[in-house]
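Dock the two chains into a complex; use the hints.
Those protein sequence lines, which keep their order, are chains B and A.
Take 470 as the starting number for the first sequence in the working numbering and just add one per residue.
Take 152 as the starting number for the second sequence in the working numbering and just add one per residue.
Heads up, some of the hints might be wrong.
What the hints assert, rightly or not - Some residues of chain A that are not near chain B, with every Cβ distance over 10 Å (derived):
# : residue
1 : L159
2 : V284
3 : W288
4 : F295
5 : I367
6 : G368
To be verified - Which residues of chain A face chain B? A few of them, derived with a C-beta cut under 10 Å, are:
#  : residue
7  : S202
8  : I218
9  : R257
10 : V343
11 : A344
12 : A355
As the list claims (entries may be wrong) - Straight-line distance between alpha carbons at most 25 Å, and here's what the computed SDA-like set of lysine to any residue pairs gives:
#  : chain 1 : residue 1 : chain 2 : residue 2
13 : A       : K337      : B       : V552
14 : A       : K255      : B       : I503
15 : A       : K251      : B       : L560
16 : A       : K337      : A       : V353
17 : A       : K285      : B       : P501
18 : A       : K285      : B       : V500
19 : A       : K285      : B       : L560
20 : A       : K285      : B       : L511
21 : A       : K337      : B       : L514
22 : A       : K255      : B       : R556
23 : A       : K337      : B       : V544
24 : A       : K255      : B       : G489
25 : A       : K251      : B       : G502
Hints in this document: simulated from the structure, not taken from any laboratory.
Even glycine gets a Cβ: it sits at the ideal position worked out from N, Cα and C.
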Amino acid sequence: MNNDLLSADLVPLAALGGLGTYAARALPMLVPGIDRLPPIFLEYLRLIGPAVLGAIAATSVFVQGGAFTIGPEAVAVFAGAAVGRWRGNLLLGMVVSVLVVLALRATIGS
Amino acid sequence: MSGAAAALSTARRRLVVDSLGIWAIAIIVGGIFGFTARQGGLSLVEAIAFSSILFAGAAQFAAVGLIVVGTPWPSIVLLVWLLNARHLLYSASVAPYTAKLSLKLRAALAYLLTDEAFALTTAHVARLGRIDVKGAWYAGITIFVPWNVSTIAGWLAGAALPDPATIGLDVVFAAAMAGLAIGLVKDRAALVALIVGCGSAVAAALVLDSSAAIMIGGLLGPFAGLALYRRRA
Chain B
470 MNNDLLSADL
480 VPLAALGGLG
490 TYAARALPML
500 VPGIDRLPPI
510 FLEYLRLIGP
520 AVLGAIAATS
530 VFVQGGAFTI
540 GPEAVAVFAG
550 AAVGRWRGNL
560 LLGMVVSVLV
570 VLALRATIGS
Chain A
152 MSGAAAALST
162 ARRRLVVDSL
172 GIWAIAIIVG
182 GIFGFTARQG
192 GLSLVEAIAF
202 SSILFAGAAQ
212 FAAVGLIVVG
222 TPWPSIVLLV
232 WLLNARHLLY
242 SASVAPYTAK
252 LSLKLRAALA
262 YLLTDEAFAL
272 TTAHVARLGR
282 IDVKGAWYAG
292 ITIFVPWNVS
302 TIAGWLAGAA
312 LPDPATIGLD
322 VVFAAAMAGL
332 AIGLVKDRAA
342 LVALIVGCGS
352 AVAAALVLDS
362 SAAIMIGGLL
372 GPFAGLALYR
382 RRA
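Only chain A is shown next, with the shape it has when bound in the complex (with noise of 0.2 Å):
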């Protein structure tokens, strides 16, 4: 096997391991989701479209919240955009490395690009230096499965399920994102960049709201890391 095939099938490797606790939380998370799109008042179809067509964790929980209440849909689809706009930067990001791929190639790869696979993805081209793009369908396939899977398995019989916290998972999502985090500080720019975009996100979360706090974060702490990579060149 030549050097850049075995560094691929380790990285490879490193991808699967790393996606297992992925795994766990889209099943638990999705499960819940499920659940509470029931209480909450909406069919299974309409429960699967939220996963599957919305098909982002937090904008979901948000909008049953607000169909609950009576909220009017322009207002949610309002919220769910803002929520969301956080995935522009991730889109970003990752651009660069997609360039080369065809149109429809990177049309499906954005519909996948949430939290989770953009954070596995990231690790995965910070390993490689390239994409890899059955890592990229892997890392968003990890998470659209299991999700959508798991919202039916709740809606069904979401009242079996535990509470998250009394088993401690209520902390493995934090812990992915903070663990892929540290895993991307490879020089003292993206350190800096982790340091200030951690500070200013929970600054700016506790005077505004955690969505906006994260895009400020994302933001800021780039800045801040280029300051050094100015200095440097």
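With the rest of the complex left out, here is chain B (with noise of 0.2 Å):
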């Protein structure tokens, strides 16, 4: 546990950790005629969307510590998600995967 309020020898470790962070967020952003770009290239670039946050969400809960699993945490993100797009409401859906998860939790474990 570190009491020191004001040591910045780590800083520069967090800003050159930060400067390659930044050119990936920006360097897409930054380059000129990205909008001109083919059809087919912008469709590609809509599709990125649905396609890596649904990779975020599955590796979350198919994957624990290396392995496949479907757990609570699956049934729960599933739920939620289902929930969230019937009722075109997003924090609802993050509401059922709580009490879903916590519900399975209680009832047959983790």
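This is the structure in structure tokens:
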């Protein structure tokens, strides 16, 4: 436990990490003419959203400790996403996910 | 109120409602990061630097873990860059909508383009069919402010924070990503991209690591969706 408030030895490390992170976030947005790409490239870029967000969710719930798992978390996230889509309300879906995972853990364990 | 103004107002209300869960994630996980950073030997200033300059949740936790075990700086920096390489995809996906904005504005918005900000921005753009600069700022700040404030709070009082798993909040991030991904499915091509993105990412995570898996899912999913686009064309 560090009780030192003001030490700044690791600030340059944060800055170096931030440099590459910012480059990844900024370069495609700063390249001129990206809106004039052929339609098929724009279609590809449009499809990145569902693919990458789905990939984040799927790896979070289906891969635990390097092994494939279908546990309460996967059921809860699927149920919440379905309810969120059905009612058009993301927040409601997230609440459903929390309630489902708590209920499943209470009944069948984690 | 004109039709366009009403649509913008409706979309912004939806953005705010969608962001409430993201606020909760940012507050809780940011607090845990602050506590973890202190446990890992970082000062308050260093913890703030990681949350405000690096500003990338998973990479921050990984960096602290590597600092604790004495990993050399070049290895930590390389790992952070690799972990955050997926942001190239986010930026490329948003870029066609921001191309008409000023360079300064694009540079500033890019700084805030985290997983959650990308998810909120993409859903907002999909509802409007164009970028809404105020909405994009809101999406970015929705993460940046609570993340940094709770990093400080977590460093100062982290031991009092509850374990997110005990109150079910450990699934909130995945639920938000899944909900926003499904919300972006407007046609079969997007559905195929989502399914293939999920499947290929899970397969890759089993043999590689989660960060590479997200890149692989994010790259392969759209290719599968494009197969439908080409057939339609």
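Margin query: Check the structure against each numbered hint from earlier and tell me which ones fail, lowest number first.
Written below: 5, 6, 15 and 22
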